[in-house]
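Chains as they are written, first to last, in our numbering: chain A, 1 to 317; chain B, 318 to 576.
Just so you know, the hints here were simulated from the structure itself, not pulled from any lab data.
Positions of the beta carbon are idealized from the N, C-alpha and C atoms, including for glycine.
Some hints could be false.
One side of the interface only, derived from the structure: several residues of chain A facing chain B at Cβ under 7 Å [as the list claims (entries may be wrong)]:
| id | residue |
| --- | --- |
| 1 | 172 |
| 2 | 184 |
| 3 | 214 |
| 4 | 285 |
| 5 | 289 |
| 6 | 298 |
| 7 | 299 |
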Amino acid sequence: MSEILVLVEHVDGEVKKVTLELLTLARSLGTPAAVWAGPGYSGDAKAKLAEYGAEKIYVASSPDIVDYVVAPKAELLAQLVSSASPAAVLVAATAEGKEIAGRLAVKTDSGVITDAVGLGEGFVADQSIFGGGVNVHSRVTKGTPIVAVRPNSTPPSPAPAAGTEEEVSVTLSDAARAARIVDRVKQEKGARPELTEAAIVVSGGRGVGSAENFSIIEELADSLGAAVGASRAATDAGWYPHQFQVGQTGKTVSPQLYIAAGISGAIQHRAGMQTAKTIVAINKDPEAPIFELADFGVVGDLHQVVPQLTEEIKKRK
Amino acid sequence: MNIVVCVKQVPDTATERKLRSDDKTLDRDAADGVVNELDEYAVEEALKLKEAHGGEVTVLTMGPAKATETIRKALAMGADKAVHLSDDALHGSDALSTSYAMAQALRKIGFDLVILGSESTDARTGVLPAMLAERLGVPQLTLARKVEVDGSSIAIERLTDYGYDKVEASLPAVVSVVEKINEPRYPSFKGIMAAKKKPVETLGIADAEIDAAQVGLGAAWSEVVDFAAAPPRAAGTIVKDEGDGGAKLADFLASKKFI
């Protein structure tokens, strides 16, 4: 079977969950080959990638690759597309993943599909568009299919493989070294999982009422090991940082469980969370459109309901 | 500084959006066309940079005749002139074709800085700014939450999952902006009147030296195989909080094995 390249997402040397999902998906379509870009590769990383089915691991550990915006990773993948002739390239559909996919598509004269929520035979992708209103099957018709797959699209499952390493040296063009990252500023998010990757997301909206009150959303999230999200109304009001905004103009999340507290569920919000497997809503207004999506809804004051829920969860653990 | 700001007309996100049954492209007649929301931040940022550094702001849009409404809005906000890339041959262009056509138009117009919204609210691919940087061979300064220009140097804060990256480059460059980088101005009455007199140049594909074989539905690098309206979600259980709402919710979460 032909090779399927999977670009590894990693943070502080640790392989992110979405990569394990992509390897799982790649196994059903070919032979997964992981591509490690940048420093931080270790035996632990190798073990993890091999455990989830990476037959081969291309390691390009030059620090140059992460010192510049996006372009070096696209050049690395383009080089591998040319040398390994893979059947497809999979990346995570994060903002940066999609940018890498876009540049790679131009470089290799290949079609690109973004935000796939599934991928089947012939690399036909499932997409959910227009805020979840329409389901689409699409496929690449020219070049090497490049598919950006949304986190949480496939449950990761281990299937050990060889994980044969191959060092890759990449000579970056001047164009790839044009936008230099001079500093990385990490803003507090505590020990919570990343929003787009999290299996559970607890989001707060207008009904939360203030920045201070977001602590009850955070406490619920922490009791479930969840990420915290916010509606646009809440980020517009300055109650929660913008990078946690879920919706049409913010992040798109696809968790196993989405809890919307004090969020009315305007179409712009729904566009960012409608593909969640289970949706729970808490809102004072029984007419709030979020209840149309909810598998379980509580009409009530979130300031009463949420702390009680947090207590119950702690008790039952 | 010669700034080109790219804007796109998209169907209003508050209305029901559809694909056409015949060629599976966006049904532009099914919903009202509005300026892509994120592009308004791009226009505002272009105007602010012009106010600080001088120069000219040119609006570039690619789309059918109807997209002139979007051009007028950007001109009413304060842009100086516009270029409308419009040609029947462009209908159905995917991201690769669109980036190619836009890059050709940008080469023709000339630029120090290209500014776009980080994605459109209809296709939401988020790939166009990166593709343009790739095609034009200029620095990619995307997902900016802050932009600073100093002479021929440019620095941005690029939004990331963990916070932001500080990124530096030299002009010319492609910048995409995220929401909340600024507060887009509302067009004034004076601005709306002035917009009617501002020059709008229409370019066909031949004018922009665009190869017809590289654009349009027939040239696309990907295709929609089929599509269908998403089935409605099964009606859920809605309870009224009578002092035990949190406990009932916990029961539900336990039944689904989340706790």
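Hint check: 7 Å Cβ-Cβ cutoff, residue 298 of chain A to chain B: 4 Å, holds
Please check whether residue 214 of chain A passes as an interface residue: C-beta within 7 Å of a C-beta belonging to chain B. 17 Å, violated
Would you settle whether the hint for residue 172 of chain A is holds or violated, based on the nearest Cβ-Cβ distance to chain B being less than 7 Å? 13 Å, violated
Should the hint that residue 184 of chain A touches chain B count as held when the rule is a Cβ pair under 7 Å? Cβ of residue 184 of chain A sits 5 Å from chain B, so the hint holds.
Cut-off 7 Å, beta-carbon criterion: hint that residue 285 of chain A touches chain B: 12 Å, violated
Against chain B, with CB atoms and a cut of 7 Å, does the hint on residue 299 of chain A hold up? Holds - the Cβ of residue 299 of chain A comes within 7 Å of chain B, reaching about 5 Å at its closest.
Double-check residue 289 of chain A for me: the hint is only fine if its C-beta lies closer than 7 Å to a C-beta in chain B. Constraint on residue 289 of chain A not satisfied, violated at 12 Å.
Comparing the model with each numbered hint stated earlier shows that hints 1, 3, 4 and 5 do not hold.
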